[in-house]
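Line by line, the protein sequences give chains A and B. Just add 1 to wherever you are in the first sequence, counting from 1, and you've got the working numbering. Just add 1 to wherever you are in the second sequence, counting from 1, and you've got the working numbering.
Where chain B lies over chain A, by a calculated footprint (3+ residues, C-beta under 8 Å): (1) 8-20; (2) 33-44; (3) 47-59; (4) 107-121; (5) 128-140.
Which chain A residues stay away from chain B? Per the calculated CB distances, all over 10 Å, these: (6) S25; (7) G65; (8) R156; (9) V193; (10) V205; (11) A214; (12) G215; (13) S217; (14) L221; (15) S224; (16) E236; (17) P239.
Ranges between beta-carbon positions, derived for each pair: (18) B:G210 <-> A:K53: 45 to 55 Å; (19) B:T148 <-> A:K53: 30 to 40 Å; (20) B:G106 <-> A:Q62: 29 to 39 Å; (21) B:P239 <-> A:L6: 46 to 56 Å; (22) B:N157 <-> A:K145: 15 to 25 Å.
Treat the hints as calculated values from the structure; they're not laboratory data. Quick reminder that beta carbons are idealized off the backbone N, C-alpha and C, glycines included.
There are 2 protein chains.
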Amino acid sequence: MNDILDRQALWNISYGLYVVSSVSGQKTNGQIVNSVIQVSADPPSIAVSINKNNLTHEYIQESGVLAVSVLEEETPMNLIGLFGFKSGRDVDKMSQVSCRDGQTGCPVVIDSSLCFFEGKVAGSVDCGTHTIFVAEVVGAQVIKEGTPLTYAYYRNVMKGKASKNAPTYKGDTGLQDKPEDKKMEGGMKKYVCNVCGYIYDPEVGDSEGNIEAGTSFEDLPDSWTCPVCGASKDEFSPEE
Amino acid sequence: MNDILDRQALWNISYGLYVVSSVSGQKTNGQIVNSVIQVSADPPSIAVSINKNNLTHEYIQESGVLAVSVLEEETPMNLIGLFGFKSGRDVDKMSQVSCRDGQTGCPVVIDSSLCFFEGKVAGSVDCGTHTIFVAEVVGAQVIKEGTPLTYAYYRNVMKGKASKNAPTYKGDTGLQDKPEDKKMEGGMKKYVCNVCGYIYDPEVGDSEGNIEAGTSFEDLPDSWTCPVCGASKDEFSPEE
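Turn these sequences into a full structure, and let the hints steer you where they fit.
Right under this line is the structure:
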């Protein structure tokens, strides 16, 4: 067999969507993760893969504890935007949602969550850009009945995108940084997505959404959505 | 917060269903796994959790290579039965399905598979009953378009059960071994499930399916299914 490495094959792996949170002293943070699995039944243990550049990675290493909240299918885009597209270095994420203090000292996200579990790190393995943390589950609670949000539902039904730090990053969010390099000209204002931080620049337009360069934000059709996170037009604010 | 460990919370983790295969010399084997995740984008790496008692675990340790086939939603129960409920110590599984030799030397299951990827083990972490193997993906191919089989679909639509070696084992397959201890009496014949090996014993009945002790296999309703793997009545053969 010839050597073939078609990365699309990896897109068929099925995932849920979770908020993984941790703590460091008085500071707390959390982020969206899709790569959570149970790895042992007795004692119950789970594994999560976290990008080394993320603040949550730093906190898990420092405290040795983490919590996982399983998101429901009805999770609003702005919660995914907050935990998936913003950094805890810029925003105090936990102050913007309902949280509990877990028994490990870890903050636990309750908003839009069907259940949560928290654990103590029992091992880890270096995977290049990411670390897998293995945690023995020491606490777990069901909050309510419901359908867990899957990554497939988020992509196919909610039309959401992947953060560039996701292990499954599909390379389709490259527009995120480009418009910031452009100067505003001709008096048309740039607009910022409140969900993921993407900036709509009228001088650039949005080729993915078939929006020609020179189209003002006001002239975008109401059906237009953020090319990065899928947020609707009313999630945008004028750039300051 | 009081210490609470409700394992049902862990049942909300979303998974796909895969055949993970490996090789040792001339011998090959594979097994059903639900715990597969991509853990890094560059180089592409995946992680799988495998029970230490399984033959596939032994082969992965010996050869340092593994392949993952992503099963389609239409996967028949007997393929899941073969790879999920039978041991490679008893059956030459790979001889019963369409396979390819992968570029790592690993056999790759093609039947009922949307795609496959294979890799070289780059790290591992001991998780008690299981080992997580991290593999750098060196080959990957899409076989066909389709919907990946999820663990939720397998349980909720196909009414399948978990093998007792699964990390997510729910403890509902305890009937699997019990009937073998019973003697056949009164002339009523025992029947064996071709999918998972469960034995229906008329002297015991099937409490999960509301079948009273003393009910012959012939008198079971046509809607009755195997309490272990969900196979239909016509998947059963008289015990020899």
